[in-house]
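Quick note, the sequences are listed as chains A and B, same order.
Just so you know, the UniProt record's numbering puts 7 at position 7 of the first sequence, and the rest follows in order with no gaps.
Just so you know, the UniProt record's numbering puts 104 at position 104 of the second sequence, and the rest follows in order with no gaps.
Keep in mind the hints are simulated off the structure, nothing from the lab.
Please note: incorrect hints may appear among the correct ones.
As the list claims (entries may be wrong) - No more than 30 Å apart at the CA atoms, straight line, and that leaves these computed lysine-lysine pairs for DSS-like:
#1 B/Lys-207 <-> B/Lys-173
#2 B/Lys-29 <-> B/Lys-173
#3 B/Lys-93 <-> A/Lys-177
#4 A/Lys-126 <-> B/Lys-43
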Amino acid sequence: MKLDTTGLESALPLFGANCQMVDGFTAAPAFELPTTLDFDGFQKEAIQMVKPAKGTTTLAFIFKEGVMVAADSRASMGGYISSQSVKKIIEINPYMLGTMAGGAADCQFWHRNLGIKCRLHELANKRRISVTGASKLLANILYSYRGMGLSVGTMIAGWDETGPGLYYVDSEGGRLKGPRFSVGSGSPYAYGVLDSGYRYDMSIEEAAELARRAIYHATFRDGASGGVASVYHVGPNGWKKLSGDDVGELHYKYYPVTPSTVEQEMVEVSAA
Amino acid sequence: MSSIGTGYDLSVTTFSPDGRVFQIEYAAKAVDNSGTVVGLKCKDGIVMGVEKLIASKMMLPGSNRRIHSVHRHTGMAVAGLAADGRQIVARGKSEATNYDNTYGELIPVKELAERVASYVHLCTLYWWLRPFGCGVILGGYDRDGPQLYMIEPSGISYRYFGAAIGKGKQAAKTEIEKLKLSEMTCREGVLEVAKIIYKVHDEAKDKAFELELSWVCDESNRLHQKVPDQLLEEAKSAARTALEEMDAD
Numbered sequence: 001m002k003l004d005t006t007g008l009e010s011a012l013p014l015f016g017a018n019c020q021m022v023d024g025f026t027a028a029p030a031f032e033l034p035t036t037l038d039f040d041g042f043q044k045e046a047i048q049m050v051k052p053a054k055g056t057t058t059l060a061f062i063f064k065e066g067v068m069v070a071a072d073s074r075a076s077m078g079g080y081i082s083s084q085s086v087k088k089i090i091e092i093n094p095y096m097l098g099t100m101a102g103g104a105a106d107c108q109f110w111h112r113n114l115g116i117k118c119r120l121h122e123l124a125n126k127r128r129i130s131v132t133g134a135s136k137l138l139a140n141i142l143y144s145y146r147g148m149g150l151s152v153g154t155m156i157a158g159w160d161e162t163g164p165g166l167y168y169v170d171s172e173g174g175r176l177k178g179p180r181f182s183v184g185s186g187s188p189y190a191y192g193v194l195d196s197g198y199r200y201d202m203s204i205e206e207a208a209e210l211a212r213r214a215i216y217h218a219t220f221r222d223g224a225s226g227g228v229a230s231v232y233h234v235g236p237n238g239w240k241k242l243s244g245d246d247v248g249e250l251h252y253k254y255y256p257v258t259p260s261t262v263e264q265e266m267v268e269v270s271a272a
Numbered sequence: 001m002s003s004i005g006t007g008y009d010l011s012v013t014t015f016s017p018d019g020r021v022f023q024i025e026y027a028a029k030a031v032d033n034s035g036t037v038v039g040l041k042c043k044d045g046i047v048m049g050v051e052k053l054i055a056s057k058m059m060l061p062g063s064n065r066r067i068h069s070v071h072r073h074t075g076m077a078v079a080g081l082a083a084d085g086r087q088i089v090a091r092g093k094s095e096a097t098n099y100d101n102t103y104g105e106l107i108p109v110k111e112l113a114e115r116v117a118s119y120v121h122l123c124t125l126y127w128w129l130r131p132f133g134c135g136v137i138l139g140g141y142d143r144d145g146p147q148l149y150m151i152e153p154s155g156i157s158y159r160y161f162g163a164a165i166g167k168g169k170q171a172a173k174t175e176i177e178k179l180k181l182s183e184m185t186c187r188e189g190v191l192e193v194a195k196i197i198y199k200v201h202d203e204a205k206d207k208a209f210e211l212e213l214s215w216v217c218d219e220s221n222r223l224h225q226k227v228p229d230q231l232l233e234e235a236k237s238a239a240r241t242a243l244e245e246m247d248a249d
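In isolation and in its complexed conformation, chain A is listed as follows:
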């Protein structure tokens, strides 16, 4: 639904003006509502179609050296793996990253839109937008499309004047600030590893290893996550991609094949 702007209208009755001047800043982008008989049912159908699709594992956490962002790269349509090489970490601008969970097109489009807004803000105000501001811009847009079938579960991670910032924003209109988040079908598994191994003062290598391990374990148990575990780090000079390891190979790194003792050995029997 459209944002409720009645509280924002200023008290002045511009004589003769049809409030075009006032509306400019209160309206969030929105298209016309569809004319349908069953508005609620129509929306439910759209949501049900998209709901199972948050098949992914993404995570991000703040630590001493900045923000660590990691994600898998599998795209699944029901039981079919449509791609093993999806870029789920979206580069909004050189110092801000967004993660993709839910509808790929929704995430890509709205993150790009957010990048545009951030750049315009930078040009107008001669300073970078804060992570708080960027996440609120995205959250407002998603809230205005609430119930219309967008599926976005994203984390906005960045470094601004106040230091490292991490927000979780979703298509229900929720926006949360926090030190650790994981989003997607594999998130319970990732949370287990992340929460137990987390310390605030880790080095960048330790934090990257923790993020990588958390993604690996999620892809191990969750069928909808897999592919490549990418790890990014956001520091005071912007983001940098640290690694992108195939989770199959990571498995053998964490659980190398040990030669097992044999009980009975089969011997070649000569043809008699």
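Once you've looked at the hints, dock chain B against the given chain A.
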């Protein structure tokens, strides 16, 4: 006295042959007829004071506030037509809340000043609107430190470290220039503002006045609020003694 713009001063959408818009200048005169408003930027915050001329003895002291909080961290002191001022303050509040709802953080003072100034300017562009007959001193404290802006009826806004509008603005400005603001704390600034307002108040022309003071500084936790009553009394008595000392010369 400035010249009368015969014929070219009937509408705000008419320029005079020498490039002036007389209606805006007349609006500025409305500001000059009101009580003095002084704003100071000290090293740890902003202090604003208003010489509130009391029209009638039956008015309740503390009513008819001329200094308003626009948001937690900014305040506006208004000089000129009071009703016009209320409209500008309402617009400022709306802009500040809107920014907060859009970006999730407090509006930078510079941004607020620009938005309010462009709104005041808007009303000088149409023949069916008259310009605002009030000037505003806007003071706030954001992540870039304390800032002081003055917005005139023409819609221009500049950043100042010391500003004054109203009846005694010339005298007030001379006093402000004597002060060393970069080394002054807001506590001292409050006393100085009170002294300036008492000094420029013309006993002969206007009888009674009420002093209204506000600040936004580190001591007030970067919130815009009325100066605490005890400090206000201290400031008033300091100002009165300073005045007596001067008279004694």
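We went through each hint and held it up to the structure:
1. B/Lys-207 <-> B/Lys-173: holds, 22 Å
2. B/Lys-29 <-> B/Lys-173: This hinted pair holds, its Cα atoms lying about 17 Å apart.
3. B/Lys-93 <-> A/Lys-177: holds, 26 Å
4. A/Lys-126 <-> B/Lys-43: It holds: about 24 Å lies between the C-alpha atoms, which stays within 30 Å.
The earlier numbered hints are all upheld by this structure, with none contradicted.
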